[in-house]
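Chain by chain, the residues run as shown.
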Amino acid sequence: MIYLFVLLLLIIGLYCIFATFNLMRLLIGLELMIKAVTLLLINVGYSNGHLGLAQSLVITLIVIEVVIMVVGAGIILGLHSYHKSLNTKYIKLLKG
Amino acid sequence: MSKIDLIILIAMILTALWTVMARSLLRAAIGLALTSVIVSMMMYRLNAPLAAVFELSVCAGLISVIFITTISLTQPLTWSEIADHAKRRMRRFWLLPLLVIFTAILVLVSGVNFSLPLPSPEVEGNVRNVLWNLRPFDLLGQIIILLAGAYGVVILFREIKSK
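So the sequences go chain by chain: A and B. The first sequence maps to residues 1 to 96 in my numbering. The second sequence maps to residues 1 to 163 in my numbering.
The following block holds chain B by itself, in its conformation from the complex:
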């Protein structure tokens, strides 16, 4: 693993910590988008450009828009209320950085080898071939789930409007 990979992975953990520990929900949503961008960078480094593009456009773009829209529609706490609430939140979250550091040290010291015994490399064709020819049933599942999601959103918003 090169130094760049290590820097990217450490940045990913730091942004994830910032996402979880940020005071305001808006900052948490932005932190999540940043984490997503860094994960997509790591995917690109791992020679998976198509998944990286999907991660970048959908997770960093679309889901951030959904989160920020929901946050603005639910009218969360004002800044003064957030400042009051922050001390109580920190009591629950101060343990998290310690837990992350402790787990990292524990795994590194105990010498647990996460590398799985893998078969010999057998590089497949491009991902389009796999997706369209080898796993068409996945696409059918995706279409069904998308339709179910769209139907669920229509039902939910109709209920909200009727109330």
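Next comes chain A alone, as it looks inside the complex:
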């Protein structure tokens, strides 16, 4: 049953990434998808008894997630200082 909720959480994150034009919301959608994967790993570990391995993988995943978010937030700050906007419609410097 948890797999169904993991799937729903993944869909919510994916929809957020597809439907938004805001860079911060894009990061939030990515974070929701990572949470779904985290929960899936723990659930699989719980199901097959390899919970120690699953937890160690989740800890690695969380460390990587933090680095992604910090670097993403830094990139957003840099883009905002240049374009004065977080809307991806107005960030056209590398377009085409």
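Hints are supplied without guarantee of correctness; some may be wrong.
Just so you have them, the derived chain A footprint on chain B, three or more residues with Cβ under 8 Å [said to hold, decoys possible]: (1) 51-57; (2) 101-109; (3) 140-149.
Taking CB as the label site, the calculated pair distances span [stated by the list, open to error]: (4) Gly-78/A to Leu-99/B: 29 to 39 Å; (5) Phe-102/B to Ile-64/A: 30 to 40 Å; (6) Lys-84/A to Lys-3/B: 42 to 52 Å.
The hints are simulated quantities; they were obtained by calculation from the structure and are not laboratory data. None of these values were measured; they are calculated from a predicted model. All residues carry an ideal CB built from backbone N, CA and C; glycine is no exception.
Using the hints provided, position chain B relative to the given structure of chain A.
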């Protein structure tokens, strides 16, 4: 699955929906922290306390601080602008709750069994033993990624300052 687990999972989906559909970015960041807290509760229920503590302290704490700092530094829209913008946003996001409900009904009706065929339970030792003795290469990767992240942030902020 007990009723408490079901309540926790439904609360997780509701807070995730609130995170995505919230008008202001600040509320979205708070909703993300709430989702993280509920995910860590679920992890604790699944007998994974160490991962739950990491999720609670890092994802609900540190990442929320990073998001709220970024939001305050980028000076997003004012409340009146948010209210104007909300109607246009809702046009893009009204489909999401319907999509979630439709997927849940579709999966439940079609009877898709997500339970994987698993080997017999073979409970390992504690997680510290796995992390330090069985998978030391993961720790090396974590340290390299942390250093790369720190270097990236230093470079990014230096560029921002020079501009």
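Results of checking the hints against the structure:
Chain A is given as covering the segment 51-57 of chain B, and this holds because 3 residues of the stretch bring a CB closer than 8 Å to a CB of that chain, at least three being needed. Beta-carbon proximity to chain A at under 8 Å applies to 4 residues in the segment 101-109 of chain B; the threshold of 3 is reached and the given coverage holds. For the segment 140-149 of chain B, the assignment as covered by chain A holds, since 6 residues bring a beta-carbon within under 8 Å of that chain's beta-carbons and 3 suffice. Judged by the Cβ atoms, the range 29 to 39 Å given for Gly-78/A and Leu-99/B holds: they are separated by roughly 34 Å.
For the hinted restraint 30 to 40 Å between Phe-102/B and Ile-64/A, the CB-CB distance of approximately 32 Å keeps it satisfied. Roughly 50 Å separates the CB atoms of Lys-84/A and Lys-3/B, a value that falls within the hinted 42 to 52 Å.
Violation of the numbered hints given earlier is absent; every hint is satisfied by the structure.
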